[in-house]
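With these hints in hand, go ahead and build the complete structure from the sequences.
Here is what each chain is made of, one letter per residue.
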Amino acid sequence: MTRVITRKVVQGLYKRTGTARVDADIAASFKAGDGIRARNINPTGHTRLPRYIRGKQGQIAKDHGVFQFADSLAHGGGKQPQHLYSVRFTAQELWGAGAPARDSLYIDLWDDYLEPHDADA
Amino acid sequence: MTADAHGDADVALRVRALESLLLEKGLVESPAIDEIIDLFENRLGPQNGARVVARAWSDPEFKARLLANATDAIVEMGYEAVQGEDMVVVENTPRVHNLVVCTLCSCFPWATLGLPPVWYKSAPYRSRAASDPRGVLLEFGTAVADEAEVRVWDSNAELRYMVLPERPAGTDAMGEDELLALVTRDSMIGVTRALAP
Amino acid sequence: MNGIHDMGGMHGFGPIVREADEPVFHHEWEGKALALARIALAGGLFNLDEFRHVMERMPPVQYLSISYYERWLEGAIALLAEKGVISADEFTARLTALAEAGS
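Chains as they are written, first to last, in this note's numbering: chain L, -10 to 110; chain B, 147 to 343; chain F, 1457 to 1559.
Certain hints may be false.
[To be verified] Computed cross-link-like contacts, DSSO-like style, restricted to lysine-lysine with a CA-CA straight-line distance of at most 30 Å:
| hint | chain 1 | residue 1 | chain 2 | residue 2 |
| --- | --- | --- | --- | --- |
| 1 | L | 51 | B | 209 |
| 2 | L | 51 | L | 20 |
| 3 | F | 1539 | B | 209 |
| 4 | L | 68 | L | 45 |
| 5 | B | 171 | L | 68 |
| 6 | B | 209 | L | 68 |
| 7 | B | 209 | L | 20 |
| 8 | L | -3 | L | 68 |
| 9 | L | -3 | L | 20 |
| 10 | B | 171 | L | -3 |
| 11 | B | 267 | F | 1539 |
| 12 | F | 1539 | L | 51 |
| 13 | L | 45 | L | 20 |
| 14 | L | 68 | L | 20 |
| 15 | B | 209 | L | 45 |
| 16 | F | 1539 | L | 68 |
| 17 | B | 267 | L | 51 |
[What the hints assert, rightly or not] Derived coverage of chain L by chain F (criterion: at least 3 residues anywhere in the stretch with Cβ under 8 Å from a Cβ of chain F; other residues may be distant):
| hint | stretch |
| --- | --- |
| 18 | -8 to 0 |
| 19 | 31 to 41 |
| 20 | 70 to 80 |
[Stated by the list, open to error] Simulated restraints on C-beta separations:
| hint | chain 1 | residue 1 | chain 2 | residue 2 | range |
| --- | --- | --- | --- | --- | --- |
| 21 | L | 17 | B | 226 | 45 to 53 Å |
| 22 | B | 214 | L | 104 | 55 to 63 Å |
| 23 | F | 1554 | B | 315 | 56 to 64 Å |
| 24 | B | 159 | F | 1539 | 43 to 51 Å |
| 25 | B | 172 | L | 81 | 53 to 61 Å |
| 26 | B | 214 | L | 0 | 24 to 32 Å |
| 27 | B | 189 | F | 1543 | 34 to 42 Å |
| 28 | F | 1539 | L | 33 | 19 to 27 Å |
| 29 | B | 208 | L | 33 | 41 to 49 Å |
| 30 | F | 1554 | L | 15 | 14 to 22 Å |
| 31 | F | 1518 | B | 226 | 18 to 26 Å |
| 32 | L | 86 | F | 1543 | 27 to 35 Å |
Calculated from the structure, these hints are not laboratory results. What you are looking at is a predicted structure, and each value in this text was computed from that prediction instead of being measured. A virtual CB, placed ideally from N, CA and C, is assigned to each residue, including glycine.
Structure representation (structure tokens):
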């Protein structure tokens, strides 16, 4: 795994070789349009699920495909490849009724961060 | 300059200590270090993103490809690099204003915009861009109409986001090279609009 | 982890300070610190997620009081020690030797 980094290696590396995308046939738990709720998790290790998103309701905007999972790789746990989605949250869901009604926030969330949630509307 | 001279001398020495140990252990060769510094100082930067935007403004077919699959369209222009492996480009319109942040660290599309400015990496921007984007935009002198939607993109995973700003009015006669001068780094982060001609 | 790095929605950090005509690097060491960290990543000495996490584990006061590239530098030094590539004692000894040679 470890290798000597030469100038040639650097030139080769600054291509798209570093993609976190994984070429694997893995089923998606959600599709665009599905209502979700971000899980309320509070791991002491690494996570890319920010506090302000946890427990909030949103909607899958797009399925980005299969990506390696940061929470696992930070702790030697392997890639745990799974679908990553662009998820839309309204500003009011995240910040309350005082937030502008039309505004929104999009964030990329892995399957392990999400649970199904049927929106009322 | 934010840190005092003494502090910087101490930090510089720590960098030298790390460098000398990595060299001594044969984990890196000196020219590789220079190669990376050259990449970031001279080859990556918002001049790349500006070319992408100017082309999108001038070529509707390229723009459609860019919005559908930004990674391929950007690679097609030759801007293939680290932290641009998987790109998304979002379009500003009169109805939607997009703004990019990384609240957890400082992720940024290096392939098209180079390294981020200090303010992008700072706590004031990272903390407020998510919760008060309109307030942040006003700090940059950018007012967005109440009728429009402000869309924040928190780039927390490994996709990197860039904004396609609106083409300014009065630029219909301008070619790609002229348009290039109107595209600023900040307009591709979404904190400002492109410059008026 | 619920660390200081998770800043979305926090209040109290004040106005956004911008710099006109900002250079890519403010000091020569910044470019070198970035290069060394990228090299450690490219060489497989640690991965990007481990690298982000070591910076998150910094004491909050330190995280807020040092610059972005100092966080990269201190993160790389700490992680290389954890991985057994460069021990803390080895690093301190080299630092002392360089300081003495330079004075």
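ask   = Which of the numbered hints are not met once you compare them with the structure shown?
value = 3, 6, 9, 12, 15, 20, 21, 22, 24, 30, 31, 32
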